[in-house]
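Enquirer: With the hints as constraints, model all of the structure from the sequences given.
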Amino acid sequence: MSVKLSTRQVGDVTVIDAAGRITLGEGSSTFRDTIRDLTNKGHRKILLNLGEVSYIDSSGIGELVSAFTTVTNQGGSLKLLNLTKRVRDLLQITKLYTVFEVHDDEALAVRSFS
Amino acid sequence: MPDNDRGVTPSVDTSLASTLESVDNAEETVLRVAQGVGIDEEELHKVGMAVREAMVNAVVHGNRYNENKKVRLVVSLEPDRLTVRIADQGEGFDMSSLPDPLAEENLLRQSGRGILLIRAFVDRFDVRRIEPTGTEVTLIKYLSRGG
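As you go down the protein sequences, you meet chains D and L in turn.
Residues in the first sequence are numbered from 1 upward in steps of one, following the working numbering.
Residues in the second sequence are numbered from 1 upward in steps of one, following the working numbering.
No lab work stands behind these hints: they were computed from the structure.
Note that CB positions come from ideal geometry on N, CA and C, so glycine has one too.
One should not assume that every hint holds.
[As the list claims (entries may be wrong)] Using 25 Å as the maximum straight-line C-alpha spacing, the simulated DSS-like pairs for lysine-lysine come out as follows:
{"hint": "1", "chain 1": "D", "residue 1": "Lys85", "chain 2": "L", "residue 2": "Lys46"}
{"hint": "2", "chain 1": "L", "residue 1": "Lys46", "chain 2": "D", "residue 2": "Lys4"}
{"hint": "3", "chain 1": "D", "residue 1": "Lys95", "chain 2": "D", "residue 2": "Lys79"}
{"hint": "4", "chain 1": "L", "residue 1": "Lys46", "chain 2": "D", "residue 2": "Lys95"}
[To be verified] Derived Cβ-Cβ restraints for the label pairs, each shown as a range:
{"hint": "5", "chain 1": "L", "residue 1": "Arg32", "chain 2": "D", "residue 2": "Asp33", "range": "31 to 37 Å"}
{"hint": "6", "chain 1": "L", "residue 1": "Arg124", "chain 2": "D", "residue 2": "Arg88", "range": "21 to 27 Å"}
{"hint": "7", "chain 1": "D", "residue 1": "Lys41", "chain 2": "L", "residue 2": "Ile130", "range": "46 to 52 Å"}
{"hint": "8", "chain 1": "L", "residue 1": "Asp126", "chain 2": "D", "residue 2": "Ser112", "range": "40 to 46 Å"}
{"hint": "9", "chain 1": "D", "residue 1": "Asp33", "chain 2": "L", "residue 2": "Glu104", "range": "27 to 33 Å"}
{"hint": "10", "chain 1": "L", "residue 1": "Arg124", "chain 2": "D", "residue 2": "Thr7", "range": "41 to 47 Å"}
{"hint": "11", "chain 1": "L", "residue 1": "Thr14", "chain 2": "D", "residue 2": "Tyr97", "range": "36 to 42 Å"}
{"hint": "12", "chain 1": "D", "residue 1": "Thr7", "chain 2": "L", "residue 2": "Gln110", "range": "21 to 27 Å"}
{"hint": "13", "chain 1": "L", "residue 1": "Ile130", "chain 2": "D", "residue 2": "Ser112", "range": "48 to 54 Å"}
{"hint": "14", "chain 1": "D", "residue 1": "Asn40", "chain 2": "L", "residue 2": "Glu104", "range": "27 to 33 Å"}
{"hint": "15", "chain 1": "D", "residue 1": "Arg8", "chain 2": "L", "residue 2": "Asn106", "range": "33 to 39 Å"}
{"hint": "16", "chain 1": "L", "residue 1": "Thr14", "chain 2": "D", "residue 2": "Arg8", "range": "41 to 47 Å"}
{"hint": "17", "chain 1": "D", "residue 1": "Thr84", "chain 2": "L", "residue 2": "Val8", "range": "34 to 40 Å"}
{"hint": "18", "chain 1": "L", "residue 1": "Asn66", "chain 2": "D", "residue 2": "Ser114", "range": "49 to 55 Å"}
Expert: Structure representation (structure tokens):
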């Protein structure tokens, strides 16, 4: 299964619920298109819920980084929510755990944007 | 035919097209061979991911999706190790020229983490040039069957 992304608004924070695989090919391009679409529409506070993501490869990690820089460069912020152990391990191996702000509680995460 | 230097008959020796479907196929093939040899699920996932990264390198950076070029996948199982060899027909690359993905200035690069992940997920990773053209990578996962 490729990645499935759905977005919802919680106040002025846009939450993206991701499920499935973010890997080279369809998964990573779907992710990229969604982020681009949101930023083009002016969304600047983005919380990416990765709780149901089963697999991310290096290409998927690259998309996370790209999304982070895209949103940051436009004056916004992108934060991560509900990392699985696998994704957490990947972010630690790649030293990106120090780059992303990571949350385990959605309400606290949403509040952290204000 | 025995595998090159250890006289082991491979479980799999196949030639794959330079496509992303082959990446999925290779990962599934290796996981099928590796199941039931005492690697737990998380370790299997890591082996599969290392194979995926190596296949992506072969298909995308080595063969550049060229339909006339193939990727050879050889999987061998021995009592103490699982060995995966992946060979492309590309122009090769110099490992020492690859940017360090953990360097501060490279942390936000979009790509360049594949080999880092392979090294993290298998016990041994070797790269060699092959003639007339191409690169072969060898991934080894040591097994501890029976504890």
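Enquirer: Indicate, hint by hint, whether the structure satisfies it.
Expert: We went through each hint and held it up to the structure:
A distance of roughly 12 Å separates the Cα atoms of D/Lys85 and L/Lys46; the hinted pair therefore holds under the 25 Å criterion. At most 25 Å may separate the alpha-carbon atoms for a hinted pair to count; L/Lys46 and D/Lys4 meet this at roughly 23 Å. The suggested pairing of D/Lys95 with D/Lys79 holds, with an alpha-carbon distance near 16 Å, which does not exceed 25 Å. A hinted pair counts as satisfied when its Cα atoms are at most 25 Å apart, and L/Lys46 with D/Lys95 qualifies at roughly 18 Å.
Remark: the range hint 31 to 37 Å for L/Arg32 to D/Asp33 is upheld by a beta-carbon distance near 33 Å. Here the CB-CB span from L/Arg124 to D/Arg88 is close to 25 Å, well matched to the stated 21 to 27 Å. A hinted range of 46 to 52 Å for the beta carbons of D/Lys41 and L/Ile130 is consistent with their spacing of about 49 Å. Checked against the given bound of 40 to 46 Å, the beta carbons of L/Asp126 and D/Ser112, roughly 45 Å apart, stay inside it.
In this structure the supplied range 27 to 33 Å holds for D/Asp33 paired with L/Glu104, their Cβ-Cβ distance being about 30 Å. Checked against the given bound of 41 to 47 Å, the beta carbons of L/Arg124 and D/Thr7, roughly 43 Å apart, stay inside it. Checked against the given bound of 36 to 42 Å, the beta carbons of L/Thr14 and D/Tyr97, roughly 37 Å apart, stay inside it. At about 22 Å, the beta-carbon gap between D/Thr7 and L/Gln110 stays in the expected band of 21 to 27 Å.
Our hint of 48 to 54 Å for L/Ile130 and D/Ser112 holds, since their Cβ atoms are close to 51 Å apart. Hint check: D/Asn40 to L/Glu104, Cβ distance near 30 Å, so the stated range 27 to 33 Å holds. Against the hinted window of 33 to 39 Å, the Cβ-Cβ separation of D/Arg8 and L/Asn106 comes to about 34 Å, which satisfies the hint. Distance hint check for L/Thr14 and D/Arg8: the Cβ-Cβ separation is about 45 Å, which falls inside the suggested range of 41 to 47 Å.
A hinted range of 34 to 40 Å for the beta carbons of D/Thr84 and L/Val8 is consistent with their spacing of about 36 Å. Between L/Asn66 and D/Ser114, the C-beta spacing of about 51 Å keeps the proposed range 49 to 55 Å intact.
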